[in-house]
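Quick note, the sequences are listed as chains A and B, same order.
Just so we're aligned: the first sequence equals residues 332 to 779 in my numbering.
Just so we're aligned: the second sequence equals residues 44 to 465 in my numbering.
These are computed hints drawn from the structure, not numbers from a lab.
It is possible that some hints are incorrect.
Which residues of chain A face chain B? A few of them, derived with a C-beta cut under 8 Å, are [said to hold, decoys possible]:
1) TYR372
2) CYS374
3) TYR375
4) ASP376
5) PRO378
6) ILE380
7) VAL433
8) ALA436
9) GLN437
Beta carbons are placed, not taken as given, at the ideal position from N, Cα and C, and that holds for glycine.
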Amino acid sequence: MDRWPDIAAGRVSREILALNFADAHPPLTDAQAVIEADRCYFCYDAPCIEACPTGIDVPTFIKGIATGNLAGAARTILESNILGGSCARVCPTEILCEQKCVRNAQEEKPVQIGALQRRATDWQMAKGVQPFTRAAATGRRVAIVGAGPAGLACAHRLAVHGHEVTLFDAKPKLGGLNEYGVAAYKTPDDFAQDEVNFVLSIGGVTLAPDRALGRDFSIDTLLNDHDAVFLSLGQAGARKAGLTGEDLSGVMNAVDFIESIRTSGTKEDVAVGRRVVVIGGGNTAIDAAVQAKRLGAEEVTLVYRRGRETMSATEVEQAWAQTNGVTIRHWAAPARIEGVDGAASAIAFTRGRVLDGRAVHDGEEFVLEADMILKAVGQHVVFDPLEGSGVETEGGRIRVDGSGRTSRPGVYAGGDCTAGEDLTVAAVRDGRDAAEAIHADLTQKKEV
Amino acid sequence: MADLRSNFIGIRSPNPFWLASAPPTDKAYNVRRAFDAGWGGVVWKTLGEDPPVVNVSSRYGALSYRGERMFGLNNIELISDRPLAVNLAEIKDVKRDYPDRAVIVSLMVPCVEESWKAILPLVEETGADGLELNFGCPHGMSERNMGSAVGQVPEYVEMVTRWVKQHSRMPTIVKLTPNVTSILAPARAAMRGGADAVSLINTIQSVVSVDLDAMAPTPVVDGMGTHGGYCGPAVKPIALRMLGEVARSPDLAGLPISGIGGISTWRDAAEFLVMGASNLQVCTAAMHYGFRVVDDMKDGLSNWMDEKNFTSLSEVVGRAVPNFVNWNQLNLKFKTLARIDQDLCVQCGLCHIACEDTSHQAIARLRVDGSRRYEVIDEECVGCNLCAHVCPVDDCITMAPQPTDGVLTWPNHPNNPMSGAH
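Could you put the whole structure together from the sequences, leaning on the hints where they help?
See the structure below:
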């Protein structure tokens, strides 16, 4: 071995990289969209609507596609979910709307609701204008901390209601996970930024990128010149695996690896190991593993503590990883990372099993040699900037009521920093609903 | 194997499937392909007097519905636009080469006896098996007092039919237009004139769609459109009704009928046969998919006949006619109720909303342990069948006939002011 560890950029040509990181699921053609739309039964009290966290009226928008009323279709989607474009691309529809499609019962093949949603939202975005306008200015000001899906949805709805919004984000680009955390081939061609621009074209939103809570401002200072604050902080911290050797070079958080891909134009400058091991069982693990493979890693192994049925990555995501040549190994808990001269060289696992209905890892060990080890064992909310703010937490999240109100009056929260499913579409719902609560609270106060 | 051989007014063909007079039978090339594909006969596209008519470019408009193309087809093409002599020569050649197939010649000349008298011997000389008088074409030719302009006036139908029978020995079918208030009047006129058979229906006057950019009916010809003749699967229900009316009419008893109108499958064919047609003419299905569609028509019809223990067409023809009655002969005591197979139900809710919004509020929408469940409320169900029709799952909603206590028809019903009960 002349080079150890073997971590390098540019393992495949620029042309291959371009192909590997192009749209993984290209849009339906006009004809395909109409054929697919015609498969929708236009159910009454449709199960798909109920299955969508944002409650998009799926049969109505699909009817619009079938009849050629794309403007109506797009508006139906965007009224419920202003980030309908990214949700069409990143939603695990197989466990949401498409899982509930009645076509499953009949032919085990749901209507491709996600793809149809993309058809309609793409059409609207290509028009370059959004179908909403602002109500008369209220003179009220709301600060939003975090410009991910929850923050963007909240900003949009508040702007529609006529409020003035300041949208802060610690990163230089807005979009949150849509910009930095989603596999590049899911939203290629700078889609996340196009969508941010589309959403914010409503007007009334002042952008404040590169501004971090706790560093550049506090909740108290925000409330000095805003009537309300919405916290959509996401989960900025990556969990540690708690392993010996975790600090060796070549060991990375999967989210950082994904971000390095997202921030690279051609991906030629992104280094990847020849042999990569990913620890974790969620969609972040899948996104990291598949992208490692597509960057040219020779062997990518995804190792998960328990069985496939408990992986939080959906069956479709798991199959996608396997189709991309990722080896998935179940029932193995990481034991320690081994290194040579400060660099990771291998990772040891302990085999596990079910004992009395519980997972135990008491089996023999096996060792996978690795040049790069990516940890995708979960993220957490970073609470430091909230200390002393009066915003209470519970179970590792910000505690909110059903409308996003925190324990501190005037402060609301939603998205991954609050409890609930950590999905883009759930974050959009949180932001939208919190905006309605803020609007109601602000206008009520006005009347008193 | 059921015997599909057909003898229609003395014209024999190996099966009852003929291609109707239309673009597919315009010339020898097409007809030879049709015969090679197995069609039992053709009605050659309508011949007229020289000089031939001129057709426009842009001739068809079509109705597509939720992915089904050409559910209805509309055409503005006129009769054959080729010289008479060319058609006659080709007919002669084809009949000589396919002696076992039926070759019928469709005719349309002005309503002048001399015109008919002149053309008939020319046709007879080809060796064709019979004639079909085109009294049906509802567009273009009717503006020149031919086609449906004749078919809509029973006296003209009778008059021209009589001329033809006087000046020709050929078996003669009169093709009827559906663009009339009652199909019985022209059918009776044809019979009076001596027709050997009638064929129905010809196409229905229609505007199939409007081009919202050109602001003109389709097909658009240089910015303008005209009404056309409608055919294809969409017209089958209209054809079956007219067919049944002619078939069941006591004064038309014994008048053979060639059934036409949207026949696309063997099942359609069987329906036409049992409603009284003893011969079948097809056009749109062939225009949609090519002549090969006859394979499944023949095969399917034959298999269905085997399954039903019918050995020949004569055992099939007219079987449903006695059961095709006026409304006032229906039993008002009959009751049927919707039954939902919960194992097949996909929970689309369409039965519920159809009944709730537009019928009798007889399907309850329930949630049982969080799952959707739809249940028939027997007391409210009038047995209308709507739910069974909207349900997307075959056999999920069925209609269950209830025990019936005797027969009560409207003429005897107490609510009828004219009934004997008053």
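Each hint tested on the structure:
For A/TYR372, the suggested interface contact is upheld, since its CB lies about 5 Å from the closest CB of chain B, less than 8 Å. Annotation: interface hint on A/CYS374 holds; nearest CB of chain B at approximately 4 Å, less than 8 Å. Annotation: interface hint on A/TYR375 holds; nearest CB of chain B at approximately 3 Å, less than 8 Å. A least Cβ separation of about 5 Å between A/ASP376 and chain B falls short of the 8 Å threshold, and the interface hint therefore holds.
The criterion of a C-beta within 8 Å of any C-beta in chain B is met by A/PRO378, whose closest approach is roughly 6 Å, and the hint holds. Checking A/ILE380 against chain B by beta carbon gives a least distance of about 11 Å; that is not within 8 Å, so the hint is violated. For A/VAL433, the suggested interface contact is upheld, since its CB lies about 4 Å from the closest CB of chain B, less than 8 Å. Given the 8 Å rule on beta carbons, the hint for A/ALA436 holds: about 4 Å separates it from the nearest Cβ of chain B.
Against a cut-off of 8 Å between C-beta atoms, the interface hint on A/GLN437 holds, since the closest Cβ of chain B lies about 5 Å away.
Of the numbered hints given earlier, the model fails hint 6 alone.
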